[in-house]
Every structure is written in structure tokens, then in C-alpha cells.
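A.B. asks: Dock chain P against the given chain L, drawing on the hints supplied.
First to last, the protein sequences are chains L and P. Residue numbers are given in the numbering used here: position 365 of the first sequence equals residue 369, and the series is strictly consecutive. Residue numbers are given in the numbering used here: position 207 of the second sequence equals residue 211, and the series is strictly consecutive.
Derived by calculation from the structure, the hints in this document are not laboratory data. Treat the hints loosely; a few may be bogus.
Given that identical chains are not distinguished, each listed pair holds provided it fits within a single copy or across any two copies.
[As the list claims (entries may be wrong)] Below, simulated DSS-like cross-link-like pairs (lysine-lysine); rule was C-alpha separation at most 25 Å, straight line:
{"no.": "1", "residue 1": "K294", "residue 2": "K281"}
{"no.": "2", "residue 1": "K88", "residue 2": "K42"}
{"no.": "3", "residue 1": "K288", "residue 2": "K364"}
{"no.": "4", "residue 1": "K412", "residue 2": "K288"}
{"no.": "5", "residue 1": "K99", "residue 2": "K132"}
{"no.": "6", "residue 1": "K296", "residue 2": "K86"}
{"no.": "7", "residue 1": "K134", "residue 2": "K366"}
{"no.": "8", "residue 1": "K66", "residue 2": "K207"}
{"no.": "9", "residue 1": "K412", "residue 2": "K207"}
{"no.": "10", "residue 1": "K294", "residue 2": "K86"}
{"no.": "11", "residue 1": "K281", "residue 2": "K296"}
{"no.": "12", "residue 1": "K255", "residue 2": "K281"}
{"no.": "13", "residue 1": "K313", "residue 2": "K393"}
{"no.": "14", "residue 1": "K313", "residue 2": "K37"}
{"no.": "15", "residue 1": "K56", "residue 2": "K132"}
{"no.": "16", "residue 1": "K383", "residue 2": "K294"}
{"no.": "17", "residue 1": "K281", "residue 2": "K132"}
{"no.": "18", "residue 1": "K296", "residue 2": "K207"}
{"no.": "19", "residue 1": "K33", "residue 2": "K296"}
{"no.": "20", "residue 1": "K412", "residue 2": "K132"}
From a predicted model like this one, the values you see are computed outputs, not experimental measurements.
2 protein chains.
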Amino acid sequence: MNNLKGNCLLAQSGGPTSVINSSAYGIIKEFVKSANGKTFIGAYGIEGILRKQIYDVDNIDKGTLEGIRYMPSSALGSCRYKLKDFRKETEEYDKLFNIFRELDIKYFFYIGGNDSMDAAAKISEYAKFKNYDIKVIGIPKTIDNDLVETDHCPGFGSSAKYVTNVAMELWLDINTYTAPSIMVLEVMGRDAGWIAASTGLIKENIPWVNQLIYIPEISFSEEKFLNDVSESVIRNNKLLIVTSEGLKDDKKEYINVGSNCYENDQFGHKQLGGVGKYLQQLIKNNIHNKVKFTELGVSQRCAMHCVSKVDIEESEMVGREAVRQALQGNSGYMIAIKRTNDSEYSSFTELVPLNIICNKVKEVPIDWMNSRGNNIGTKMREYVLPLIKGEINSYSDNGMLRCVDINKFR
Amino acid sequence: MNNLKGNCLLAQSGGPTSVINSSAYGIIKEFVKSANGKTFIGAYGIEGILRKQIYDVDNIDKGTLEGIRYMPSSALGSCRYKLKDFRKETEEYDKLFNIFRELDIKYFFYIGGNDSMDAAAKISEYAKFKNYDIKVIGIPKTIDNDLVETDHCPGFGSSAKYVTNVAMELWLDINTYTAPSIMVLEVMGRDAGWIAASTGLIKENIPWVNQLIYIPEISFSEEKFLNDVSESVIRNNKLLIVTSEGLKDDKKEYINVGSNCYENDQFGHKQLGGVGKYLQQLIKNNIHNKVKFTELGVSQRCAMHCVSKVDIEESEMVGREAVRQALQGNSGYMIAIKRTNDSEYSSFTELVPLNIICNKVKEVPIDWMNSRGNNIGTKMREYVLPLIKGEINSYSDNGMLRCVDINKFR
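For reference, chain L alone in the conformation it holds in the complex (with noise of 0.2 Å):
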């Protein structure tokens, strides 16, 4: 127990995970067990905080808290909200810190990717600019795995998980048949390519796959492509196809924005195609017809039924050192996972400094991927395997995910 006094609050933003109430379950457990102050639920992020939508712990029954454990989606709600530049207009500020103020809060917790961080670095400078005293600790979430120096993102893992047993049992049911088939399945990342070069570590239990990946970070040529794809159902009539949401070419630009990209829908509207779409349309094109498409949209952020449970548990870990770092007095900084160099896999947290996290994307290392740039390499391998191993069951006894009514926090 601390000698500091004072309340805290926590919120979540930006897109939802399987395990983002993981973290959350994890700061309430361990702010109720280690402060003396009052634990707040701010629903909806910093929108929903000032507009004043915050609960206390107290009043929520034990058995709700515990169910968001293992729940998907933001149990807490989310927003996507931008806090402007204190240093030219702190009206949202003053309203943010007279509800501070009101509530006794001496601690901010905010769980969320990059943007989220950002809000997170503005808030904890406008206190230290204020003099008020808050402990400000951001915990990181992102399907996306883009955050800089962190070794992976909480919800990272459990994605990848999905998606690559997903795509095993996409590679299983295109080899039904004698006759040619391919598969593109579009993954989410639109700047990095994390998920979909998680999908290369299906040939770990079948190594038979005849796979391509391709991901933002390389650039995409037709051309390039089209051989490659050539080559494969040379040696194999069966391929399966992974390409992250996001595909750039040469100069830095979407291959999916030009004006090849645009479909015609139903009633006659334009709108963006997908690179899946594309790729698949290049292929009928090129190769042959026999090309399905799949595409998981956000299906895949939120798979509890498939997480992992080096990703549940981690997350709950950030969660709780997020409160133990603040009650030390530590304030302006995110929650980073650090893996020892054990060859047996094993993390650890450490502090990092928000304002060098916001605004900067972690992309996939060029060197990680084969010397094709068309699957991953042996450092993208022991990289991801370990973060998608392990099960817990998330199910209740008829065969469905436990879920609690979210409405209670919100």
C-alpha cells in the first residue's frame, strides 16, 4: 500500500482487440489491491470522460468485473479523438482537469495505439504545465503491432493467431479438389505488414503450403507479382495468397487508390475496391479464373475464440504495471513488453518515454522477409511464433464466448 493518495481513472481508446479488457481488468485488479483511492471507469475515452461518463468500480458487481477478462471489443467503449495543442487552445484541457479535479484523480491510465498515446503524452505535459499532479501511464494495444519500441503490441498476438489458422484452413479447403485453385486472403495493416507476415508460419506445421505474402513495407509491382504467382502454380496448382490491406508501390503510394482500383457497386456508387480484390482480378486477368477471395475485415481484431494466451496474459501484465509504475510516482510514459534473450521465449516490461512513441510507425523489417519479399524470412519466424501460442478457454458450457453486459460500464 502507498503513502500517496488519490483516485484513478482509466479509459480505453482506438480500435478494439480480444485482449484490451485484459489490461483494463488488469489496472483495476491491481489499483483496488495496491492504492487506497477510488478506481473510475471513463467510458467511451477521453469523449466520453468529458462528457462526464465515468463509474466507479464499486458499483459494478464482482461477477461483471471479472467477465470482461477474457471478453473481446473495448468492454469500456472507445472513441477516436484527437486532443488539440495545449499551447493554442486548452479549453478541452480545463475541462478535462476540472473533472480531475472533481473526482480526486491523481491517476490516468489509457490503453490504446498510437493516437491514444499521443493523447496520453499531451495530457501528462499539460499537468506538468499546470502543476497538477496526476501519474499519466499509457498501455499499449494495437492489432497492428506498429508501436516503436516495444518488442510487440498487446492484441498482436491473438490476431495473428486467427489469421494464420485461418489461412491454414483456407490452404486445407482450396487442396480439396484435383482441379487449380487459388486463394487471396486481405489481412488488416495498412502501413505494416505484422498480421500478414505472421501467416508465413503455417509451413512450421504444414510444410507443404505453397504460399505468397506480400505486405506495405515492400513495393509492389504487377509485374513482380504476376511472375511470382506464375512461378508457384508451376509447382503447385494450389496457392494461397496473403496480402495486407495496404500494398504500396514504388513511389510510397496505395496500389489501391488509383483510378484502376474503383468499383462500381449495386446502385452505381463508386467505391475503393480492396487490394485483395485487385489481386485476384490481376490474376483472372493473367493466369487463370480459378481465384477466390476472402477478406476477414474486422472480424480478425476481435477473435476471442482464437486468442492467445501469451497475448491475454501479457496484456493483463501491462495493465498491472501500468499501476504499480504510477503508484511509484513514474508519469508520462507507455508500458513496453521487452523479450529476454532466453532461448526459451519470456517477457518483461519497461518504461518509454510517450512523446518518443506517438506519431512514428514500427514497420516490418525488410531483412525479416525472404530475399523475394514474398514470404518471411527465419527472423520473422522467431519473432511471432512464440507470441501466438497457448489456449485458454474463453468458452462458456454451451459452446459460446462468456460474455458480460458491457452496458454496466458505460
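C.D. replies: Chain P only, in chain L's frame:
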């Protein structure tokens, strides 16, 4: 050990499922245990058998055989091959029976859906017509759950389980932000709405779900649909809509075959647009544009990572029972699954003549849905709930599905 002599041949046909290999495993294990003859595997169904792609199980190592038990897709390979009417054309039958004679095949097991039961029926009839002593048994398999005379079909429970859990995750995902959000999920089922209807189970674990379900059995009307959606979004600005891929108007015509439903692809070609995209566009044009679309495609038929224990055990059960019945001298039957009337779910098998199965489609009874025809009723709930229950550990230590090299069967 029975007194009958001769060898057996088994094969798979039609689309793959998560559990079709469990049926194959059951057949192999039971025949090896109970009969004197050799066990032959026919690769790629009738089509492969006609090409003499036939393998002796004795030549396959034990680990590989055990490995298919919990592996998705059709390990033996499959086909979509329609046997001709032997009263008009016997060439392919002569070829087939010459192969049977050559290998001394006295038992033929064919695992598949409607068309496969048709093939098994024809082979059985031709054998009687030619006085060739062979016992032919059909083993049901289809995620569509549309075979008549069986309570349900192996493969359906696992597909329903996966789709329902993903639908839960999508529901929680669209509840992340405060803004209105509608999710349209399109699932398999062109003529029967079993899979879409299953997702009505969500409310078991999420009573606050706001959901609409549309199936082919209930005539679709744009006006009624838009009324349903308008009323639902007044109640709750989050809405989950699950639709079968086939919806029909009051003339029993598919609604997505009309001129409205074609879209131009990125290269200007006309393509058949799916029902889900059509519903999405209807909502955009008439309600609001905060509507997302998810289509699971073939990933829903092979989602072993979310398999139902009941389903996979019953799949092996029907395979084993097929062997027992054949060894008792029965032929020309499918092994149907029936459920007891006990309060606790349990099932047993029954023989049903193949010729009353084929070329029929079992639809969802309309009175199993609610009176509005846009969600499930009590009967559907009670029917499907036991079928998705229970988990098996289908993962390796590394978090990925256990797989063996199925080329050893082919």
C-alpha cells in the same frame, strides 16, 4: 469379427467441412478392428476412383492416420461428380465395378451431401441390378444441414458454432463507439437458412443483442426489411444483421440475380454481387451509411479451430456405424442421426434408404422462427443449442492447428 470376406473402399465427396475426416477416421478404425479385409482409400471421390487413385491404408503410417482425426477439410480429396443414369449409360459403372472386382471391394462407404448420397444410391442399385455383392453405405456430411431424414448433418454444428461466435465478436466490435453502427454478416446457405438461423443463439450469452436474421425460407421484401431495420435502430443504434447468401422473393426467385445485383469489378467486368452487399447498400440508400459488411466465405466450412465436440464425435460415430451396418449385411442406406427425447441431449443412429434422401432439401421450418420471420423462435433455439457444445484441443503446442501431410492419402 464377421464371416464376410472382402475389402472396403471409402471416399469423400462434395464440399469440405471441419469434421468430414473424423468420419473417414471412424470408418478406417472400425473396419480395421471388425473385418478381415483390407481398407482402401479412394482419393478425390468417384472421380479419383475411376482414375484408380486408390491407396491401401496399411501403407500409410499410423501417425498420419491418427492426424486426420482432428484435421479440417477433405483429407482424402473430393469431387463434384454426377454419375449418369445407368439405365441409359453404363460405361462409368462398368469401369467402377471392374475396379471393385479387381480389388475385391465388398464394402463401399461414401461420405458426402445430397449429390454424394445420389451417387451412393446409384452404385447400390447398379450392384443389385448386376448381382454384384457389395454393401454400400452413405455417411452424411454438409454444413448446410439440408439432408432430409436426419435430425442434423455432421459438419453443421461446427459451422454454426464458428459463425455464431464470430457474430458475437462482430456485435461486440460494433458496440465499441457511440456512433450508430450496423453490421451485415453474410453466411453460407443458398436454399436453407440453418447457419444464419443458428446465430440467433447469440442472445443466450448476450441478452442485450439487437439482431435481425434473414433466411431463404422466408420471402424477402425490401419494404419489410427496411421497416425491420428502421424499428431496430430506434431501439438501439447498434444492429447486427445476419443473412443467408441466398434470399428469395415471394416468387421463390433469388433476390441477388436481378439487374440490381450486378456490380462492375475493378477491370469493368460484370460480377454477381452478394446478398450481404445488397442489404448494405439498401440500408445506405434508405437509413444511414454507417453500415459495414462481413462475408466469411469458405472460412466458415473448415473452421476446425472453433469445432463443436458434439459434432466431431458424432461424425466419427456415423463413420463407425456405417461399417457396423455394412458388416451386418445392410446396403443402400445412409446413417442418419436422431436425437432422443430426453431433457439432456443425446443422439443415436438409424438407417435410412439412400433413395429417399437424395435430391431433396430440408428447409428451416418457418414456425421455428419468430412470428416476424426476422429472428429465431424457441424450436430453433432448442434444436441448435446442443449441436455447438463442447471443445476439443485441436491446436499443437505452437498455437496452430495440428496437421498431417494429406498428400500421403492421394
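A.B. asks: A separate judgement is required for each hint: does it hold in the structure or not?
C.D. replies: Here's how the hints hold up against the structure:
1. In this assembly of identical chains, K294 and K281 lie within 25 Å of each other by CA distance both inside one copy and across copies; the values are 13 Å within and 22 Å between.
2. For a Cα distance limit of 25 Å, the shortest separation of K88 from K42 qualifies neither inside one copy, at 29 Å, nor across copies, at 76 Å.
3. Neither within a single protomer nor between protomers do K288 and K364 lie at most 25 Å apart by alpha-carbon distance, with minima of 37 Å and 35 Å respectively.
4. Taking the closest pair of Cα atoms, K412 and K288 never come within 25 Å of each other, the shortest separation being 50 Å inside a single copy and 31 Å across copies.
5. For the homomeric pair K99 and K132, the shortest alpha-carbon distance inside one copy (16 Å) is at most 25 Å, but the shortest distance between copies (86 Å) is not.
6. Only between protomers do K296 and K86 lie at most 25 Å apart by alpha-carbon distance; the minimum there is 24 Å, versus 39 Å within a single protomer.
7. Taking identical chains as interchangeable, the C-alpha atoms of K134 and K366 are never at most 25 Å apart, the minima being 32 Å within one chain and 70 Å between chains.
8. For the homomeric pair K66 and K207, the shortest alpha-carbon distance between copies (22 Å) is at most 25 Å, but the shortest distance inside one copy (44 Å) is not.
9. Proximity of K412 to K207 under the C-alpha cut-off of 25 Å is restricted to the inter-copy arrangement: shortest distance 17 Å between copies versus 44 Å within a copy.
10. In this homomeric assembly, K294 and K86 come within 25 Å of each other (Cα to Cα) only across copies, at 21 Å, whereas the closest approach inside a single copy is 45 Å.
11. Both within a single protomer and between protomers do K281 and K296 lie at most 25 Å apart by alpha-carbon distance, with minima of 9 Å and 17 Å respectively.
12. Proximity of K255 and K281 under a CA criterion of 25 Å is satisfied intra-copy only: 22 Å inside one chain copy versus 33 Å between copies.
13. Both within a single protomer and between protomers do K313 and K393 lie at most 25 Å apart by alpha-carbon distance, with minima of 6 Å and 22 Å respectively.
14. In the homo-oligomer, the alpha carbons of K313 and K37 lie at most 25 Å apart inside one protomer (24 Å), although the nearest pairing across protomers, at 39 Å, exceeds that limit.
15. Only within a single protomer do K56 and K132 lie at most 25 Å apart by alpha-carbon distance; the minimum there is 23 Å, versus 79 Å between protomers.
16. In the homo-oligomer, the alpha carbons of K383 and K294 never lie at most 25 Å apart, since the shortest distance is 33 Å inside one protomer and 41 Å across protomers.
17. Within a single copy, K281 and K132 get their C-alpha atoms no closer than 50 Å, and across copies no closer than 51 Å, so neither meets the 25 Å cut-off.
18. When the C-alpha separation of K296 and K207 is checked against a cutoff of 25 Å, the pair qualifies only within one copy, where the shortest distance is 21 Å, while the shortest distance between copies is 33 Å.
19. In the homo-oligomer, the alpha carbons of K33 and K296 never lie at most 25 Å apart, since the shortest distance is 46 Å inside one protomer and 35 Å across protomers.
20. For the identical chains of this complex, K412 and K132 are neighbours neither inside a copy (34 Å) nor across copies (67 Å), given an alpha-carbon limit of 25 Å.
The earlier numbered hints that this structure contradicts are 2, 3, 4, 7, 16, 17, 19 and 20.
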